[in-house]
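S.K.: Listed here are the chains, written in short residue letters.
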Amino acid sequence: MTMLSLLRRFLPPFRNKAIVGTICKVVEVIFDLLTPMIVARMIDAGVAAHDMALVVRLGALLVLLAVVGYGFTFVCQRLAATVSQGMGTDIRNALYAKVGELGAADLDRFGTPSLVTRVTNDVNQVQVAIAMGIRMLIRWPFIAIGSIVAAMSIDLRLGAVLAVCAVSIALVFWVVMSRSIPLFRAIQEKLDGISRIARENLEGVRVVRAFGREEHEDERFVSASRDQADTSIAVGKLSALLNPSTYLIMNLGVVAILWAGSVRIDAGSLTQGEVIAFVNYMTQVLVSIGYVANLVVVFTRGSASATRIMEVLNTSPEVAEASDAVELPAAPAPGTPALSFENVSFTYGGQSAALGNVSFALAPGETLGIIGGTGSGKSTLSALCTRLYDPTQGIIRVNGVDIRHARLDSLRKTVSSVPQRASLLSGTIRSNLSWRKLEASDDELWQALATAQAQDFVREKEGGLDAPVEAGGVNFSGGQRQRLTIARALVGSPQVIVLDDAASALDYATDARLRHALKELSDRPTTVVISQRVAAVMGSDQILVLDHGQMAGLGTHDELVRTCPIYREICLSQLKAEEVDN
Amino acid sequence: MANLYSGSALSGGSMAVIKNDGPDDDARQASALVGEHYTAREVMRRLLAYMGPSKPLLVLGFVASAVSVALQLWVPIIIGEAIDCMVEAGSVNFAALRGPLTRLAMVIPLVALGQWVSTTCTNRLSYETIRALRDDSFRVLKGLPLSFFDTHPHGDLLARIAGDVDQVGDGLLQGLTQLFSGIMTIVGTLVFMCSLSVPVALVVMALTPLSILVASQIAKRSSASFAAQQALQGQLGGYAEETISNQRLITSFSQSERCQKRFEDINAKLFVAGEHAQFVSSLTNPSTRIVNNIIYAVVAVVGCLCVVTGQPSPLSVGQVQSFLSYSNQYMKPFNEISGVVTQLQAALASARRVFALLDAPREEPDAADAIELVDCTGDLDFRQVDFSYQPSRPLLRDITFHAAPGQRIALVGPTGCGKTTLINLLLRFYDLKGGSIRIDGHDIAQCSRKSLRGAFGMVLQDTWLFSGTVRENIRYGRPDATDEQVEEAARRAHAHKFIVQLPQGYDTMVGEGGGALSQGQRQLLCIARVMLTDPSILLLDEATSSIDTRTELQVQDAFDRMMEGRTSLVVAHRLSTVRNADCILVMQDGVISERGTHEELLEQGGFYAHLYASQWEGMG
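Protein chains in written order, with the numbering used here: chain A, 868 to 1449; chain B, 467 to 1086.
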């Protein structure tokens, strides 16, 4: 059914081509159906009357039908390729565009691997199903039914034998396939299980050996592999029935036709050529039911894929731009904070709150440090600032405007973020740095690199700004990647910048220089620094201490050391007592 | 305190560590596993050996297939004979008809039976062989030296165990049977056709190459355009993977439209290539069909000519029908065989890859008189240890130190200085190039690997959990531990609190495909796993790097209590973890450059003091 809604949405531009293609296919099928009749006539009229001229004429007709039929198929295959690939291309574009609109919560829910599979593999499956649909969905059922109808038109009762055989063969296919397809799925899952054990053993080889569990792992693998082999053999037994039983049905049908046909010929109600036509129709029926069964598999797969595609296309993004969204003002009105959280809470679908009642206000150019243990909600807070999620409760304002009323573009131009995981896309250093400002000049880029302490190693790279970046930035060290992502966030002078544990891979000296350089910027951005390091936040204008999503303290370092026990504890775990109190 | 050295936070796990200071010519090492030197005959002989007890199935399968093909080819002739008994109204020879019909009634079930027997035999044979081959290819792993795993891409090894083994079963075994029955069908058809009429058979034979030619021409063309399509599909998939996995980033920088443009560009190219590939390949069936239809027409005309004139050879109507059936089914095996040949080649290549893995050089087994370490006290002695992954690049030189039972030794130094390598050596994952390591006075090279490794408890930065429940994972090092002991260990590792908050508590599935645990939580589980084993010597390699500093202190405490009176060796980036060690070894460029307690090293004013001071530089 979802396949239909997918077709309804993406077929219209290709409707005419699909219709013409289908018609061409029907013509070819009719030609194929005529063949046994012509051969029958050759024998009954030509051979019986010793009319060789007629035989040759009919033979020429057969060749003509074959050639003209091929012409029609040619057109059909061409159109089928255009329609299916064209629709596939459109679906892929639409799907990818949709993924681009999804909020972080939707992305979490689907997961990256699943979305990638949907954009690539699922669309391919649908494409195959569409192409097969045009090319074969018409052909084979038509031939099967056409053969039966043609046979019945020659002799109703003998034709009925053909119909019975066809139904029995279809039944055999149905029984075997409906049982084996789920088993095939089970086999695939078991194979995945085997791969998983093998992968675990390759990756964990040190641990397995350190604990001396090699024998245990062997047993795990062997039993999984035995299990998979047993299921495969079971499926093998089942599908081994398919060919012999259909062969049996069809040929016993032929015997029945020969016997009944001979009686009719003797009675004069049937000719020899017609009996031959019957035998040939029987062969066609068997072949076409085989193809139909194949089509069923393709369509089952295609329809599962269509469902998965529609699921994404029908998702309405959680974070959407309001219809009356406004541009953010270039600067806050005097006395208005540049960034403020007002009683902000956030809950990931039904779990306990990841953030509860967080409030703070930052004047332009001020720095807020956020510190807390793992799972304290620090990263959630950073994601809220650029509306990757919307808060469950409370209001976030940038330059005095509730960010839910701001244009998304405008918000993300104003607020720049550096995520915890430093990732770069394949391209060049320049293409990665110029995200926020496509037309940024070399000077601007070098300036951002200098602030991010990335100038030196970029200069050393061959090509400088145009040095290649491999996917994931794997040709840079972790620390270099982090500095490049910081530089990326600085290009185009953002008003607010959020650094989410963005310097974790930098040594202390570089980290300190970076913080210093940020402070010295001429148009100093309002900065949020999230870190596990006391050293990274202790110089901030305000420090927010988070503990399991709750505010455990807000103030300067000196205040918090005295008043906030958690902050004091964190300090003590990293610094010596005298350093804390100094 | 977070990591001190740039780049180290993301050096995920053992592979990355080895890549930093280990062999870098992975490619050359891996290519030794290609196995091109196995001849096809050798491969087949070894495969036959793998079939072992199932070998009779092979013979039975082939015999059944031969019988059923021969009988199947006979059927059109019998049908022809039957048709010849019914020429005209009033003159049907019912007595003569009984013969062919009885024969048909006997032959047809036999054909079906033969088909069934041969498929069942081949199936069983191929799955049993796959299983045996796969089990062996996994079992072989435990005998391989660790360097093997560090220098061969895991994806490639996995492909051999999973994909290649399957390919061997499908391709070689099933493919061979198909090839056999295909050839049988062709030869049989020729024989039967010649028995009916040599001239007409010659007509069919003369026309067949046409069909083969058409099919192979199209196959050639479509494989080229499929390759182009596949390359673009790969490019598009790669781009989708890269951008979708960074979607949050792309969203927060409003880059979606830009990515969309590039995606659509690749997609447009894919459309052109895909349309072409699909069109060309979809011509295969119709094109062979048109050739077959023409052959069919020619056979019909020539056949009728024979019936009417008796020239070039006399034929009956029924025999014409037999010819028509033959010309229909004669073509099929040709198309199949061309497919089977490529499949066989692929399978042969796979078999070579699998055998190359099976024949990978093993690690030297324990000596027969190897020492069994029991009740180790934890006295560790490194004497002039030298080591390198590659002879040309010495990594560790002259490492000498002693750890008395109960001492805590810390290793500090820049990434790539060889700290992790020391642990590799201690557990005999790699063998020394010079010097010796002694435990309780025994040279570890003379100890059995199992007893040696049993003396250690190890937690690595690279958290390894297998797919199973939390409980099973904690119990991994000590399978006989009770549930209470498991929980006790989890408590000591400060993991109990988050475990009970998981959806199924201790029975929650973790590892691949399991619930999402944070890196820190995974580390805590690994720590609980070691807490349960109660080792003589503890090795911690960045074991707490993803845990926040408060929890780290608490875990450290638990370790201290557990290891009271025992030895521990700690590799850490955070100097806070190291500060209380009895002895800190500073490693630089493969040698120990400084040693002493925290205070002593600060006083020396060397590298350690510099590292320590750099933490406070520019603070505030």
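Treat the hints as calculated values from the structure; they're not laboratory data. Please read all numbers here as calculations on a predicted model, not as lab measurements. Even for Gly, the Cβ is constructed at its ideal location relative to N, Cα and C. A hint or two may mislead.
Cβ-to-Cβ under 8 Å is the rule here; a few derived chain A residues that face chain B [stated by the list, open to error]:
no., residue
1, M909
2, A912
3, V1089
4, S1090
5, T1259
6, S1284
7, Q1287
8, W1302
S.K.: Each of the hints needs a verdict: does it hold here or not?
M.R.: Against the structure, the hints come out as follows:
no.: 1; hint: M909; in the structure: holds, 6 Å
no.: 2; hint: A912; in the structure: violated, 11 Å
no.: 3; hint: V1089; in the structure: holds, 5 Å
no.: 4; hint: S1090; in the structure: violated, 10 Å
no.: 5; hint: T1259; in the structure: violated, 19 Å
no.: 6; hint: S1284; in the structure: holds, 5 Å
no.: 7; hint: Q1287; in the structure: violated, 10 Å
no.: 8; hint: W1302; in the structure: holds, 5 Å
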